[in-house]
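Novice: Keeping the supplied structure of chain A fixed, place chain B upon it in accordance with the hints.
So the sequences go chain by chain: A and B.
Going by our numbering, the first residue of the first sequence is number 1, and it counts up by one from there.
Going by our numbering, the first residue of the second sequence is number 332, and it counts up by one from there.
Incorrect hints may appear among the rest.
Said to hold, decoys possible - In silico BS3-like links for lysine-lysine, alpha-carbon gap of 27 Å or less:
| id | chain 1 | residue 1 | chain 2 | residue 2 |
| --- | --- | --- | --- | --- |
| 1 | A | Lys103 | B | Lys492 |
| 2 | A | Lys240 | B | Lys377 |
| 3 | B | Lys633 | A | Lys160 |
| 4 | B | Lys523 | A | Lys138 |
| 5 | B | Lys659 | B | Lys377 |
| 6 | A | Lys16 | B | Lys469 |
| 7 | A | Lys28 | A | Lys16 |
| 8 | B | Lys434 | B | Lys571 |
| 9 | A | Lys20 | B | Lys469 |
| 10 | A | Lys7 | A | Lys230 |
None of these hints come from the bench; they were simulated from the model.
Protein chains: 2
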Amino acid sequence: MSSNDYKNLYNDYLNKVENKLDLIVKEKQPQSLYAPFHYLITGGGKRIRPVLTMICAGAVGGNPDDALDCGVAIELLHNFTLVHDDIMDRSPLRRNRQTVHEKWNEASAILTGDVMVGFAYNLLPTSNLHPRSNEIYKAFTRGLIEVCEGQAYDMDFNEKKDVTLDDYLNMIDKKTAKLLETSAMIGGYIGKGSDEVINSLLTYANCLGIAFQVQDDLLDLTAEQAELGKRIGQDLFEGKKTFLIIKALEKATKDEDKNLLKEFINNNGLKDENHLPQMVDLFTRLSVFEDAISFADSYFEKAKNSIANMKENLNTQMLHWLIESLNKRKK
Amino acid sequence: MSSNDYKNLYNDYLNKVENKLDLIVKEKQPQSLYAPFHYLITGGGKRIRPVLTMICAGAVGGNPDDALDCGVAIELLHNFTLVHDDIMDRSPLRRNRQTVHEKWNEASAILTGDVMVGFAYNLLPTSNLHPRSNEIYKAFTRGLIEVCEGQAYDMDFNEKKDVTLDDYLNMIDKKTAKLLETSAMIGGYIGKGSDEVINSLLTYANCLGIAFQVQDDLLDLTAEQAELGKRIGQDLFEGKKTFLIIKALEKATKDEDKNLLKEFINNNGLKDENHLPQMVDLFTRLSVFEDAISFADSYFEKAKNSIANMKENLNTQMLHWLIESLNKRKK
Chain A
1 MSSNDYKNLY
11 NDYLNKVENK
21 LDLIVKEKQP
31 QSLYAPFHYL
41 ITGGGKRIRP
51 VLTMICAGAV
61 GGNPDDALDC
71 GVAIELLHNF
81 TLVHDDIMDR
91 SPLRRNRQTV
101 HEKWNEASAI
111 LTGDVMVGFA
121 YNLLPTSNLH
131 PRSNEIYKAF
141 TRGLIEVCEG
151 QAYDMDFNEK
161 KDVTLDDYLN
171 MIDKKTAKLL
181 ETSAMIGGYI
191 GKGSDEVINS
201 LLTYANCLGI
211 AFQVQDDLLD
221 LTAEQAELGK
231 RIGQDLFEGK
241 KTFLIIKALE
251 KATKDEDKNL
261 LKEFINNNGL
271 KDENHLPQMV
281 DLFTRLSVFE
291 DAISFADSYF
301 EKAKNSIANM
311 KENLNTQMLH
321 WLIESLNKRK
331 K
Chain B
332 MSSNDYKNLY
342 NDYLNKVENK
352 LDLIVKEKQP
362 QSLYAPFHYL
372 ITGGGKRIRP
382 VLTMICAGAV
392 GGNPDDALDC
402 GVAIELLHNF
412 TLVHDDIMDR
422 SPLRRNRQTV
432 HEKWNEASAI
442 LTGDVMVGFA
452 YNLLPTSNLH
462 PRSNEIYKAF
472 TRGLIEVCEG
482 QAYDMDFNEK
492 KDVTLDDYLN
502 MIDKKTAKLL
512 ETSAMIGGYI
522 GKGSDEVINS
532 LLTYANCLGI
542 AFQVQDDLLD
552 LTAEQAELGK
562 RIGQDLFEGK
572 KTFLIIKALE
582 KATKDEDKNL
592 LKEFINNNGL
602 KDENHLPQMV
612 DLFTRLSVFE
622 DAISFADSYF
632 EKAKNSIANM
642 KENLNTQMLH
652 WLIESLNKRK
662 K
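Here chain A stands alone, though its shape is the one from the complex (with noise of 0.2 Å):
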């Protein structure tokens, strides 16, 4: 098969997922609770949650269609923390479109994303439906619970001066590979997956998730950015601790680095717009960039290790053709 063929295949999987979350609280009342709920779940994006957990169904021989519910629940999920994560970051926008306490309120974005989670719950299969929904609740749990962990984290490091690679694993590890593992345990319950493959689908989805967000960190800093509505530097305005920052804070030597790192951390982020060119050049100076690069591909090079002994099939080829799409994207 082709790349094209790959690419249409997820395709397939996505409009099942955009028909299903169009469909999920139509015409529900009251329609200040269902309106905003509707307008959030229904802004695009590239739906890899769901559409992994259904790929996972696949590759372990089961039938993809049969995780679309539960594949819908970890992105109505993912969204409830999206919705609330822009209240604390007080982001106005996502995905060039007005976030919801933008639009309402925040009190209309606390009650959309609570009310998502019983949403999210009801997709799950009972045990009369599916001999391992116990696993497959208490997967979702797990994932709900390490993702408010990763969130807290995430916030703890705002006023952290000392970050380490380790602090700064755990928090992603959390943050943002743990859906991607929920995706994956999931899709294989579903697919009726033994432990032993299901195990290598959590590796591989935990090296996804952490190659992902070190290359997110990079792309912050790509001209790309702005197609997503987001200003080229975000993340170092906003003071994030990126695996950027955190590298070279462990590379500097000489004190005019020290002191603008020093200057970042003091100040929570960079002062204003002619500071990023410096940073930018202390990064290319300290070669950050080509760490963060060559970490990502490590960890997209374990992913694709862990899936190594699986059985092939179409949904085994689509999980090798996702690490090289991700590993290529621009945005």
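Specialist: Showing chain B alone in chain A's frame:
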């Protein structure tokens, strides 16, 4: 048994709930997430939802202790709604203590509520532990969704100028009665009651919830409120469309009375302290206090009748005692 014996049994159940709540996130990391969590759930209170869950398990012939975990799950769900409602309502105090968003910040209060839902689900029994786990999960999730809908309707009422008694009853049905119903149902499932007897408990809890809320509207104007850290007439200053206001709107005929109520509606609450005695005088003349009392009484009566045919045991007696003691409460 004397009233004191019932009270002691209630306190036995309550102590088990308190002990469980105290341990649930003890020493968990990150503290930025779990310190507010622990603070929130150890603030005391009647704990009527978990205790009712235990009583109902006993009332259908099961062991009340078996329902402790589910009861605590419902109490966590209740606290999740409280911590988020307090942000939406900008309440500085709850039970005479600072609210979480005041003591920490809003982001912590959002996240603390969010993660609490996960801990709640983790306390529900999986299908290998209980034959009715599917019904328990479904009832719990329905409770979560409807309590959010109730809060949305309640917020809608702030904007709405013409709230009817039906609107009000629909709102309190979801916002207040629903989680009591959830307690009764899940308690009944845990105790392995028949569908018929669980249905009786459901009606009981619904009626108790409605009566309880109408009583709450009444108690807003009694001196004992101050002991809970609320000011007398708090609901009226906040512009809440309580049972009293809705009844007064229905019954007022004099222009003077209509104008006072119109002013209340347009102004979204009482303008100042001076208007409180005027409103109380209006309520007295229109006998809406009596209306509220007889409305609550009729629901307490319905609650009593709904369980009249249940096979008597210590816990069904507790259900009757609960009606009496809620009916007599002063705060």
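Novice: For each hint, tell me whether it holds in the structure or not.
Specialist: Structure-based check of all given hints:
For the suggested pair Lys103/A and Lys492/B, the alpha carbons sit about 23 Å apart, so the restraint of at most 27 Å is met. Simply put, Lys240/A and Lys377/B have alpha-carbon atoms about 43 Å apart, too far for the 27 Å limit, and the pair is violated. Straight-line distance between C-alpha atoms of Lys633/B and Lys160/A comes to about 57 Å, which puts the hinted pair past the 27 Å bound. Between the alpha carbons of Lys523/B and Lys138/A the distance comes to roughly 23 Å, so the proposed pair stays at or under 27 Å and holds.
Proximity of Lys659/B to Lys377/B is assessed by CA-CA distance (about 14 Å); at most 27 Å being required, the pair is judged to hold. This hinted pair checks out: Lys16/A and Lys469/B have alpha carbons roughly 25 Å apart, not beyond 27 Å. With a C-alpha separation of about 21 Å, the suggested pairing of Lys28/A with Lys16/A holds against the 27 Å cut-off. Using a Cα cut-off of 27 Å, the hinted pair Lys434/B and Lys571/B holds, with the two alpha carbons roughly 25 Å apart.
Among the hinted pairs, Lys20/A with Lys469/B is consistent with the structure: their alpha-carbon atoms are about 20 Å apart, no more than 27 Å. With a C-alpha separation of about 26 Å, the suggested pair Lys7/A and Lys230/A falls inside the 27 Å cut-off, and the hint holds.
Against the hints set out earlier in the document, violations occur for numbers 2 and 3.
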